[in-house]
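Student: So you can see what is in the structure, the chains are spelled out below.
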Amino acid sequence: MKLYDLVQDGCFKVLNEGSTSEREILAPYCCDLLSVAMGRMPADSAWVTVMGNVNTLAVASLADAACIILAEGSHLDEPALNKAKQQDITVFETEMPIFDAAFLIYQKLHA
Amino acid sequence: MSNMIHMSYEVPPGDFTRAGEASSNLKSSLKKMGVNPEIVRKVAIAMYEGEINMVIHATGGKIDVVVSPEEIEMVLKDQGPGIANIELAMQAGYSTAPDNIRNLGFGAGMGLPNMKKYSDEFKIESTVGVGTTVTMKVKME
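Those protein sequence lines, which keep their order, are chains A and Z.
With the first letter of the first sequence counted as 1, position 50 gets the number 50 in the working numbering; the numbers rise by one all the way through.
With the first letter of the second sequence counted as 1, position 84 gets the number 84 in the working numbering; the numbers rise by one all the way through.
Check the hints yourself; a few may be wrong.
[Stated by the list, open to error] Straight-line Cα separation of at most 27 Å, DSS-like style, residue types lysine-lysine; simulated pairs: (1) A:K2 x Z:K42; (2) A:K2 x Z:K32; (3) Z:K77 x A:K2.
[Unchecked claim] Derived CB-CB ranges, DEER-like: (4) Z:P81 x A:H110: 43 to 53 Å; (5) Z:V130 x A:L26: 43 to 53 Å; (6) Z:P13 x A:Q8: 36 to 46 Å; (7) A:Q107 x Z:K123: 38 to 48 Å.
Please keep in mind that the hints were generated in silico from the structure rather than gathered at the bench.
Don't be surprised by glycine CBs; every beta carbon is placed ideally from N, CA and C.
Taking the hints into account, I'd like the entire structure generated from these sequences.
Tutor: Printed below as a string of structure tokens:
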């Protein structure tokens, strides 16, 4: 599934759309501890988390996440939204629990 | 003629909004040089963890990077409090990060282990009251 497909799908609200919509999403990944995510998240993951600060954006960028999905109704704060725009990272948000959001991605990848 | 490229970064103290800038800059420089993306990812992760440590535990510091055809070397030097027990600090899950840092999603005790995991050579030297120097090398393969 390409990032573009997830943007078009409308299942998650798009907070910022980067220019990398042709990118493939390979798997969902869930973690809120940034160093654990940094060390273990595979490249091209759809990263589902509740952490919406600038460091989340830095980790997503440096560890090559395909996109960030903020679950459980969490939001990006203002500096983080600016950073998402600046670093060209696609960020979604949803009221869904983390598991449900990640499972939805999983289902779409294995449909 | 030298085919090595030197780069230097200052890590400002106590600024979590800017932590990661040095790693981001290095990452885009390496990408532009055409370095293999998997190697770039390893360097970026290892260096970001070091950069964050310099902000959490020290008063920032300096990072020197040398890119050669064989490897990428990163030397991270701070004048922080130093590490009394390096063996303990290297254990996954061991952390001395304060609560405000944990609230940001750090402090899982994975920083140093990640730096070791993502570098091919890892060396840490520390003197209490003087500071810490971490040297990491990632091979180009």
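Student: If a hint holds in the structure, say so; if it doesn't, say that too.
Tutor: Hints, one by one, checked against the model:
1. A:K2 x Z:K42: 24 Å, holds
2. A:K2 x Z:K32: 24 Å, holds
3. Z:K77 x A:K2: Given pair K77 of chain Z, K2 of chain A is violated - Cα atoms ~41 Å apart, limit 27 Å.
4. Z:P81 x A:H110: 43 to 53 Å: 49 Å Cβ-Cβ, so the 43 to 53 Å window holds.
5. Z:V130 x A:L26: 43 to 53 Å: 44 Å, holds
6. Z:P13 x A:Q8: 36 to 46 Å: 44 Å, holds
7. A:Q107 x Z:K123: 38 to 48 Å: 46 Å, holds
The structure fails to meet hint 3 from the earlier list, while all remaining hints are met.
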